[in-house]
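Position chain B against the provided structure of chain A, taking the given hints into account.
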Amino acid sequence: MSEGRIVLEAVEVSRSFDVSRPWLQRTLAGEGRRVLRAVDAVSFAVTVGRTLSLVGESGCGKSTVGRLAVGLYQPSGGEIRFEGQALSTARAQPALRRRMNMIFQDPYASLNPRWRVSDIVAEPIRAFRLLRGRDVQDRVGQLLTQVGLSPRDGEKYPHEFSGGQRQRVSIARALSSEPEFLVCDEPTSALDVSVQAQILNLMRDLQARMQITYLFISHNLAVVRHMSDLLGVMYLGRIVEYGPGESIFAAPRHPYTRLLLDAIPDLGMAGGTRVRTPVGGEVPSPINPPSGCTFHPRCPLANARCRAEVPGHTRAGDVLVACHAVEEGRG
Amino acid sequence: MSLLDVDRLTVEFPTRRGVLRALDEVSFSIAPGEVLGVVGESGAGKSLTGAAIIGLLEPPGRIGGGQIRLEGSRIDDLAPDRMRRIRGKQIGVIFQDPLTTLNPLYTVGRQLTETMQAHLPLSGADARRRAVRWLEDVGIPAAAQRIDAYPHEFSGGMRQRVVIALALCAEPRLVIADEPTTALDVSIQAQVIALLKRLTRERGLSVMLVTHDMGVIAEAADRIAVMYAGRVIEIGAVANVVRSPSHPYTVGLMGSIPSLDVRVERLRQIDGAMPRLTAIPPGCAFNPRCSQVFGRCRAERPELMPARQTAAACWLFDPAQSHV
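Here the protein sequences line up with chains A and B, keeping their order. Numbered continuously in the numbering used here, the first sequence closes out at residue 331. Numbered continuously in the numbering used here, the second sequence closes out at residue 324.
Next up, chain A with everything else stripped away, as it sits in the complex (with noise of 0.2 angstroms):
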């Protein structure tokens, strides 16, 4: 799975955030200070011109995993590297920090609604100084050209757009720095589905004509599956399960993959060619998470060990997983 240049790569990165309650109530209610561990030591590379995507329920971290890659979080712990270099030597570099942009979820709230959209996509361009004068417009023309927009929407405001055009808008701003890395944070979950086609399609032929490498982030198993060469599962801030997309959606080994595949209301069951075993239970708080592994309360498989230890990553075939019971040959 390592072919390539590694193009962003994540050592055991952590990040905590404080949700103490302020001092004085928290001196009289005699309480310490709470954490919540939202990433805890995960560990990733992406090689360039792939994707790898995360996966997971609210509140697994994924999105904060999106934005430490870029640069807008700082990790509490290990380190991100891209091309090479520490994230923060990287981001102080403007000729490396254009190298890597961010595609939001909500495109209604990531564009400026009152700016026109061709200075929206001219941000980033004249922010890094790559061109001036009349060349901006051009450029701003093709790279609206790109997404499958017009260059005379140029003129128009976001809220003439649709959602999908807008996400169109997002994807051309976030290309205008010729950037190599992109992380998209589910760039299409607000999307109806025959616009998501069309969204996903244009990221793939964009990948495919400019080799640019993805980190892309979704709850989605069925769009991760159809974008993804890599793939990591996460569960409350770790990734539980991590390898080639297509050797995990084979054989799912995590009983937390494995659930997630099962629970997945799918096209397939019209008629009931897939039978689901709903499994019970709910993702537990990040602030006070389960002991030893942090699933251990809703999965089959648990026993004294799962309670108390904390798995480490176990190598089965091209996949990595956290899993005790996979460890011992249980699973």
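Calculated directly from the structure, the hints in this document are not laboratory data. No false leads were mixed into what you were given.
Once the Cα atoms are required to be at most 25 angstroms apart in a straight line, the calculated SDA-like pairs of lysine to any residue come out as:
{"hint": "1", "chain 1": "A", "residue 1": "156", "chain 2": "A", "residue 2": "134"}
{"hint": "2", "chain 1": "A", "residue 1": "156", "chain 2": "B", "residue 2": "17"}
{"hint": "3", "chain 1": "A", "residue 1": "156", "chain 2": "B", "residue 2": "276"}
{"hint": "4", "chain 1": "B", "residue 1": "197", "chain 2": "A", "residue 2": "261"}
{"hint": "5", "chain 1": "B", "residue 1": "197", "chain 2": "B", "residue 2": "34"}
{"hint": "6", "chain 1": "B", "residue 1": "197", "chain 2": "A", "residue 2": "258"}
{"hint": "7", "chain 1": "B", "residue 1": "197", "chain 2": "A", "residue 2": "220"}
{"hint": "8", "chain 1": "A", "residue 1": "156", "chain 2": "B", "residue 2": "280"}
Quick look at chain B alone, frame taken from chain A:
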């Protein structure tokens, strides 16, 4: 006889620039014990159809024509207070967001007993006993203790269970569920769908399930109605609509959904977007995006007609259409 009949229902919004038709002669029916899935993209009119049935159209929206019949009698022209008695007693409602459905200031027990006592002749003690049973029935652990908890003390999935109990506790015959699982995580979604299916089976309940999630519909519904630009454009048994759709829009829609079972290089895509209400094209509203469009599609509006295994509003299936 069907439980609910929606017959050429039209919903209009008067605006300064004329009257907009948000629903245009929508017809379908739901049999007792049947789950009808209503799918479509945002703005297709699926939630509006639900709102019209329960008499909760936001003004200035109004029913501009057609009829809604529940067990044979019209409910679209009732006075607000008579409609209020039907809502809850005969038609239960489940909305997307459990936090906005539940009153944060009352315990869930009080909300359940109040609802039941408003519609059923029950004493306070009886209503409370039933409320506990309902909470147990929708799978809330330690229901006898949890009944005195407030909505914020429940997790999202548990809250949606409470909402389901609340919708069903007055024993309606029909439930309108508008995106009941959209706000939930996938593993919780599965639990809620399984619960809804069990309750419909046990109680012979009819459900109109409105959602944009084709997977949820494929799993839970018996029949599907596909909506586009305020019209039902295809309707049929769930397996037929999903596996062998007839209308070019449904074909495109099904092809555009990434699947868990097979990985394709490219998703099928329908170019363009659904037209806005102000700019619905003449003829078939889908004609500008349709790959099989011909002259008649731009001039004449198709009604639902038999099409292979379903019914579709598309001229391709008109027997008089010779060149197909």
